[in-house]
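Taking my numbering, the leading residue of the sequence shown gets 1, the next gets one more, and so forth.
Simulated from the structure, these hints should not be mistaken for lab results. We treat Cβ as the ideally placed atom computed from N, Cα and C, and that holds for glycine. Treat the hints with care, since some could be wrong.
16 Å max Cα-Cα, derived EDC-like pairs, lysine to aspartate or glutamate [as the list claims (entries may be wrong)]:
id, residue 1, residue 2
1, K122, E81
2, K51, E35
3, K71, D174
4, K119, E81
5, K122, D174
6, K90, E142
7, K71, E81
8, K71, D172
9, K75, E146
10, K119, D174
11, K122, E142
For each label pair, taking beta carbons as the anchor points, the in silico distance ranges come out as [claimed, not checked]:
id, residue 1, residue 2, range
12, V190, K29, 52 to 62 Å
13, N78, P167, 40 to 50 Å
14, S132, L30, 51 to 61 Å
15, E81, V190, 21 to 31 Å
16, V46, N85, 39 to 49 Å
17, K138, F54, 26 to 36 Å
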Amino acid sequence: MDSLNNDVNLNEDIPGSDVQCGLSGNSFKLPQKEEKGVFNISIFVVQVYSKCWFRAPNSSGAPKNDVELVKDLLKHRNVDEGGANAALYKFLGHLWYLNELMVPLSLFDSTIPPAEKQKFIKNMRNNKVFHSPISRPKLSAEECGELELANLFTSNSFQFFHILDIPHNFLDTDPSVWDNCEEYQTALRVVNALEVTNDVAERAIYITKLCSKKNELLVEFE
Numbered sequence: 001m002d003s004l005n006n007d008v009n010l011n012e013d014i015p016g017s018d019v020q021c022g023l024s025g026n027s028f029k030l031p032q033k034e035e036k037g038v039f040n041i042s043i044f045v046v047q048v049y050s051k052c053w054f055r056a057p058n059s060s061g062a063p064k065n066d067v068e069l070v071k072d073l074l075k076h077r078n079v080d081e082g083g084a085n086a087a088l089y090k091f092l093g094h095l096w097y098l099n100e101l102m103v104p105l106s107l108f109d110s111t112i113p114p115a116e117k118q119k120f121i122k123n124m125r126n127n128k129v130f131h132s133p134i135s136r137p138k139l140s141a142e143e144c145g146e147l148e149l150a151n152l153f154t155s156n157s158f159q160f161f162h163i164l165d166i167p168h169n170f171l172d173t174d175p176s177v178w179d180n181c182e183e184y185q186t187a188l189r190v191v192n193a194l195e196v197t198n199d200v201a202e203r204a205i206y207i208t209k210l211c212s213k214k215n216e217l218l219v220e221f222e
């Protein structure tokens with residue numbers, strides 16, 4: 001997979017680039033343009049899409065996952081610049097989990113170290129703002145690629161706890177001991193029960209289309 005993070009010559013660096021496809025017992029060679037498209041899609045699925053797909057249901061990881069997806073797409077420009085830019089353009093309009101109210105989900109992300117969570121808390125207390133929470137930050141791909149989650153926390157982020165009606169006194173303690181804090185565990189159970197709405201909706205649409213296609217095939221073979 002390391003080779004996929006570098007510039008890739010699809011005809012030289014990938015074994016079997018002159019792939020033969022079998023369909024109904026007949027073999028045929030794909031035209032070069034279609035062949036390149038198949039490889040671009042395959043690399044995108046393996047390198048970028050599959051990771052974010054399986055992580056999507058994790059509510060506490062949503063902010064970090066969104067930032068990492070943008071960074072992965074920026075790297076993917078080395079493989080397929082046009083495809084990566086199209087995905088970036090679309091995804092940058094959906095950075096809902098990076099707003100002031102949603103980014104506190106990261107406080108419950110077990111993959112983020114305690115020292116980083118200390119920065120989150122510090123910014124919540126020191127970065128005082130007097131505007132209404134911004135529903136979606138407007139960031140360029142490059143800005144998002146250099147982004148640190150701590151910089152998204154403001155005093156508005158405290159509203160996260162009020163909206164969900166969960167305790168937040170554990171913020172006064174060191175994040176390294178939160179696993180032993182009953183108040184934190186109570187809040188964690190609430191966060192883990194949250195559904196990532198977009199993911200639920202997209203999976204439902206995908207399953208519906210899949211079932212519809214299956215039914216069409218069944219009717220055709222009958």
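Right, here's what the structure says about each hint:
For the suggested pair K122 and E81, the alpha carbons sit about 38 Å apart, so the restraint of at most 16 Å is broken. For the given pair, K51 sits about 24 Å from E35 by alpha-carbon distance, which is inconsistent with the 16 Å threshold. A distance of roughly 30 Å separates the Cα atoms of K71 and D174; the hinted pair therefore is violated under the 16 Å criterion. Between K119 and E81 the CA atoms are separated by roughly 34 Å; this puts the pair beyond 16 Å, and the hint is violated.
Of the supplied pair hints, the one linking K122 and D174 holds, its CA atoms being roughly 12 Å apart against a limit of 16 Å. A distance of roughly 15 Å separates the Cα atoms of K90 and E142; the hinted pair therefore holds under the 16 Å criterion. Distance hint between K71 and E81 is fulfilled; the C-alpha atoms sit about 14 Å from each other, no more than 16 Å. Using a Cα cut-off of 16 Å, the hinted pair K71 and D172 is violated, with the two alpha carbons roughly 32 Å apart.
For the hint linking K75 to E146, the alpha-carbon distance of about 13 Å falls within 16 Å, and the restraint holds. Using a Cα cut-off of 16 Å, the hinted pair K119 and D174 holds, with the two alpha carbons roughly 11 Å apart. Among the hinted pairs, K122 with E142 is inconsistent with the structure: their alpha-carbon atoms are about 25 Å apart, more than 16 Å. Roughly 56 Å separates the CB atoms of V190 and K29, a value that falls within the hinted 52 to 62 Å.
Here the CB-CB span from N78 to P167 is close to 46 Å, well matched to the stated 40 to 50 Å. Between S132 and L30 the beta carbon distance is about 53 Å. The supplied range of 51 to 61 Å therefore holds. For E81 and V190, the Cβ-Cβ distance of about 42 Å falls outside the hinted range of 21 to 31 Å, so the restraint is violated. At roughly 19 Å, the beta carbons of V46 and N85 sit outside the given window of 39 to 49 Å.
For the pair K138 and F54, the beta carbons lie near 28 Å from each other, so the given range of 26 to 36 Å is met.
Violated hints, in rising order: 1, 2, 3, 4, 8, 11, 15 and 16; the structure is consistent with all others.
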